[in-house]
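Trainee: Each chain, written out:
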Amino acid sequence: MRISPTRQRNGSSPRAKETVIVFSVGGNTFALAASAIDEVREIEGLQGFESRISKVRHTLSRQGRQYFVVDSARHFRLTNANPGRLMILRKLPVALIVDAIDRMQEIHSIQALPDGFIGEERQWYRGLTLLSGKVVPVVHPEAFLSKAEITLLSAALRAKDSTRAMAVTA
Amino acid sequence: MTAIIANCETFVLFPLGKKRFALPAGQVSELARPDQQQTFPHTTPLLTGVVLRRNQIVPVADIAPVLVGPDAPARKFYLIVNRKPKAKGSRTAIPVTGECELANAEQLSVTGKLPAYVCGLLSLHDEIVEILDLERLMSAEVRA
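Here the protein sequences line up with chains S and B, keeping their order. Going by the numbering used here, the first residue of the first sequence is number 1, and it counts up by one from there. Going by the numbering used here, the first residue of the second sequence is number 171, and it counts up by one from there.
Rather than coming from a laboratory, the hints here were simulated on the basis of the structure. A quick note: this is a predicted structure, and the numbers were derived from the prediction, not measured. The C-beta atom is built at its ideal place from N, Cα and C for all residues, glycine as well. Some hints here could point you the wrong way.
Here are the simulated distance ranges between beta carbons [to be verified]:
1) S:His108 / B:Leu201: 29 to 37 Å
2) B:Ala286 / S:Gly48: 48 to 56 Å
3) B:Arg223 / S:Lys160: 45 to 53 Å
4) B:Ala244 / S:Ala155: 36 to 44 Å
5) B:Gln206 / S:Leu46: 53 to 61 Å
6) B:Pro235 / S:Asn82: 46 to 54 Å
7) B:Ala195 / S:Ser132: 31 to 39 Å
Looking at chain B on its own, in the form it has when it is part of the complex (with noise of 0.2 Å):
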């Protein structure tokens, strides 16, 4: 039992339409809700602008069409997550389409054929969520 608890790690859970998927929680500053998105222009793909948080400017990052295609339900929320923790600026918003919620799980390895930004999975009562690398992912889209 104790060696069951001790590999349990705690994960945010974010849906994006009918899917959910997970970040360590320890990546997950706050759940925000939408403030006026503004832009200017830049070349970096799947940045679509920046929110004033706390007098700092951070930059919303959309996934949803990456990971869910192009239907993606209207964001409700923005999940301000540190990609880089001890690093200063590297807060990023992602929009998510509906609550949030906290999970204590194991992380499984990743199984089948999967994209390199899944880096595990999460058995939960009735359903696998994929535990999401946000620099990888991101990257990914660089790279493309």
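One chain only, chain S, in its complex shape (with noise of 0.2 Å):
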């Protein structure tokens, strides 16, 4: 499924929806900008990969680009995950692995994540949304991988292709 970038239309009143698609993964339910993402599909053609960061064992290639997979469940520390549904950002080289999408949803405001939250939640969530009632986290879409672990994980991306290669050759 594509998700096509929400529109803004003239005039909009001052107080801005965001569309948000909410999924689950490991029992937990997350939001996560619509516009940051460019397709949702099933958990197919992955290829193997070793790397030093844990939660990217797989790449995904994808109309001549490379993306690599997240377990979304690694990465927030989550056992119990039942892996279903892939999302594929459209910013970044980083597709991710998730449990189920449960709906796409307008949201009409995200509140500050409170100063008592210290941790790596601060670098996972831009804020908290309530949704019927329910308190869920909003994701930042560049929490999933650095700038710098995308840099490492391409060069070894690279001396994998370029090892392949010279077998190939030889």
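These two chains come separately, so use the hints to put the complex back together.
Mentor: Take a look at the structure:
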């Protein structure tokens, strides 16, 4: 399923809505801006990839681009995950393994993460939103892999590809 | 007499099991009945989830296991505390095991070997109550 970018209406109200994709991982619910997602698909076509980053064990080739596949359960330190869907991000070479896509929804506000939270969640989340009385973290798409990690993984992928090319030539 | 009254401050006394602790009254905004706590993944020690208070999301910091051990009785109320009164988003809900009490008393200096998060003592009728520095308590847990 392709996700269309949200169109801004002319003269839209000051309190802009944002469309998010609500998804689940390991029994927990999260939201991610729909504008950050290019496609949602079945988990298939993954290639094994050994990396130093334990949450990346696969890559995906799609439309001439390589994506690093992040296990969201590992990213959020969750167990009991039941992988079922792949979310391919729009502006990053990242695809996310999640359990399920619940729905697409408009949200009106994101509350800042309270000061009391001082751990890794400050990098993970843009903030918190309320969906039918339930507190749901809104995730930073850039939090799954940092620029440094993407650089590291890209170098490892290039090294792997060149090793394979030499083996074929030999 | 005037000097003694001038040295008295107001504290909120709250129970965790059989022991009581104190916080400066200026830090405490309300005592609330327990709402349904909600959780989401995070890595901050002591925080067990969040509750909704007046449409605001307030983190819950369960300090009982640190102060009285793992066998603290069931928490019955939340003490809503402003950890940094001038900062937005600094409210924290502290689960307590019973009703709270306001007390006017003189803060005494810490004597003996007490944890750094005990910033003073209150000498009440038949008990010594430790005044807590919440920031230090939570920072200590983060460092541990």
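Trainee: Against the structure shown, which of the earlier numbered hints fail to hold, in ascending order?
Mentor: 4, 5, 6
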